[in-house]
Amino acid sequence: MVNRDDLIAYLLHRIPEPERLDFAEKWFGDPDLDEQVRTAEAELLDSYVRGELPRRERAQVERYLLNSDPQRRKLAFAAALRGVLPAPRRRTIPWLMLAAAAVFVILTAVAVGIETQNRHLRSQVANLEQSARPLAGGVYSMSLIAGGLRGGAAERSITLPGDLRVLRLNLDLSEAERAQSYSATLSMSGRRIWHEEPLSPQTQAQVSFVSAWIPADVLASGHYTLLLEANGAPAASYSLVIVK
Amino acid sequence: MTDSDPQISPGRKRWELDREAWETLLSALAADREIAGQKYENLRRRLINLFAWEQSEAPDYLADEVLNRLARKLMEGAAIPHLDRFAFGIARIVIQEQNRAQRNHEIAVRELQSGAREAGHEWASLDAMQLCLDRLPADRRELIERYYTEDRAALARALGISVNALRNRAMRVREELFRCMSGGRDEA
Numbered sequence: 001m002v003n004r005d006d007l008i009a010y011l012l013h014r015i016p017e018p019e020r021l022d023f024a025e026k027w028f029g030d031p032d033l034d035e036q037v038r039t040a041e042a043e044l045l046d047s048y049v050r051g052e053l054p055r056r057e058r059a060q061v062e063r064y065l066l067n068s069d070p071q072r073r074k075l076a077f078a079a080a081l082r083g084v085l086p087a088p089r090r091r092t093i094p095w096l097m098l099a100a101a102a103v104f105v106i107l108t109a110v111a112v113g114i115e116t117q118n119r120h121l122r123s124q125v126a127n128l129e130q131s132a133r134p135l136a137g138g139v140y141s142m143s144l145i146a147g148g149l150r151g152g153a154a155e156r157s158i159t160l161p162g163d164l165r166v167l168r169l170n171l172d173l174s175e176a177e178r179a180q181s182y183s184a185t186l187s188m189s190g191r192r193i194w195h196e197e198p199l200s201p202q203t204q205a206q207v208s209f210v211s212a213w214i215p216a217d218v219l220a221s222g223h224y225t226l227l228l229e230a231n232g233a234p235a236a237s238y239s240l241v242i243v244k
Numbered sequence: 001m002t003d004s005d006p007q008i009s010p011g012r013k014r015w016e017l018d019r020e021a022w023e024t025l026l027s028a029l030a031a032d033r034e035i036a037g038q039k040y041e042n043l044r045r046r047l048i049n050l051f052a053w054e055q056s057e058a059p060d061y062l063a064d065e066v067l068n069r070l071a072r073k074l075m076e077g078a079a080i081p082h083l084d085r086f087a088f089g090i091a092r093i094v095i096q097e098q099n100r101a102q103r104n105h106e107i108a109v110r111e112l113q114s115g116a117r118e119a120g121h122e123w124a125s126l127d128a129m130q131l132c133l134d135r136l137p138a139d140r141r142e143l144i145e146r147y148y149t150e151d152r153a154a155l156a157r158a159l160g161i162s163v164n165a166l167r168n169r170a171m172r173v174r175e176e177l178f179r180c181m182s183g184g185r186d187e188a
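First to last, the protein sequences are chains A and B. FYI, my numbering numbers position 216 of the first sequence as 216, with every residue one higher than the one before it. FYI, my numbering numbers position 151 of the second sequence as 151, with every residue one higher than the one before it.
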């Protein structure tokens, strides 16, 4: 059995070219090794669409594994699988909650101080990301600013590129109740189009957000509402217009 | 023969598989027709993965090119004891040819891809995935559902198997789902 790290190194082009083809010759003629490489690739793509890969590996997946239609079909499959079979909810550990409550009191004071700065940064992010940004292999990414549950944010219009396979929406959490995980429901005229959970919050450049991965084929032109929920209660709402 | 092939090398004619060559290739793979068909699909799937992981932009097209060349060799009367090894050797040459030709033929590749995209537009809908899940036998469906939605270490313990064995079982069901989504065309 080959070390899993070696399989990942092959798939993500971390080994020199002559050795790559030598390894390719091995798996090509060995059914067990062939299955191991396919398993490693499946797990990489599952982790990619579930947002579980470190940034470096994400970039390598986008660069080396999403270059062709068969590969993009594998990605779309992994995204659909995630839509039907989401990752497990994380169990809350009581002692952690108690500690978190104590820390919360302290952090609240600090948070008030940095909120002003965050608003400025979020504004900058929103200005920078005015359109869906291509990553690779028909995957596009863009950010949405929450309008709060009572509205308030401008409706965001997105023109979908022709080669879009998966749209990653980074949902700003500044107006959302803080939680360990969220669920996202995309609706059009009150009809549920897409649901995904759990979504784990991430923080970059002091901006907290969650990423929702939406296959292109569920998106038609029209007005959409994306409702973010935490612990079964509405946490934030986003409005967007899709143009195909 | 067909028109000049922009994928392989400029100005070169692409040799296409005819019925006789196809029969020769299948006979060389196995005496039993059904087994030969399975071996053909397996060989083609490995070739597609090989080209895809070498970053080819049209791996299925190149896989067919290798199979065409393999069939032609057989038609010419070549004795090939190890078809897999021989196919890999051809693939290696195709990878080198493709690397040389790639920069000059990006437009042709894009045209090929756009055609494939049209065909795969509705490919991975949630409804299709749900349908394929529903078609699975109950035990395999339960396994894949629990694999993706529960803690894997706890699930492996509950099933009395190692996490590795659990992963292997789940990945086989995943491939079954992928084949279902592909309408039996592809394998991961």
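Worth double-checking, as some hints may not be accurate.
[Said to hold, decoys possible] Covered by chain A, according to a simulated footprint, are these stretches of chain B (three or more residues, beta-carbon under 8 Å): (1) 18-32; (2) 53-63.
[As the list claims (entries may be wrong)] Selected chain A positions facing chain B (in silico; Cβ < 7 Å): (3) PHE28; (4) GLY29; (5) LEU33; (6) THR39; (7) ASN67; (8) PHE77; (9) VAL84; (10) GLN202.
None of these hints come from the bench; they were simulated from the model. If you're wondering where the values come from, they're calculated on a predicted model, not measured in any experiment. Don't be surprised by glycine CBs; every beta carbon is placed ideally from N, CA and C.
Notebook entry, point to check: Are there hints from earlier that the structure breaks, and if so, what are their numbers?
Noted result: 1, 5, 10
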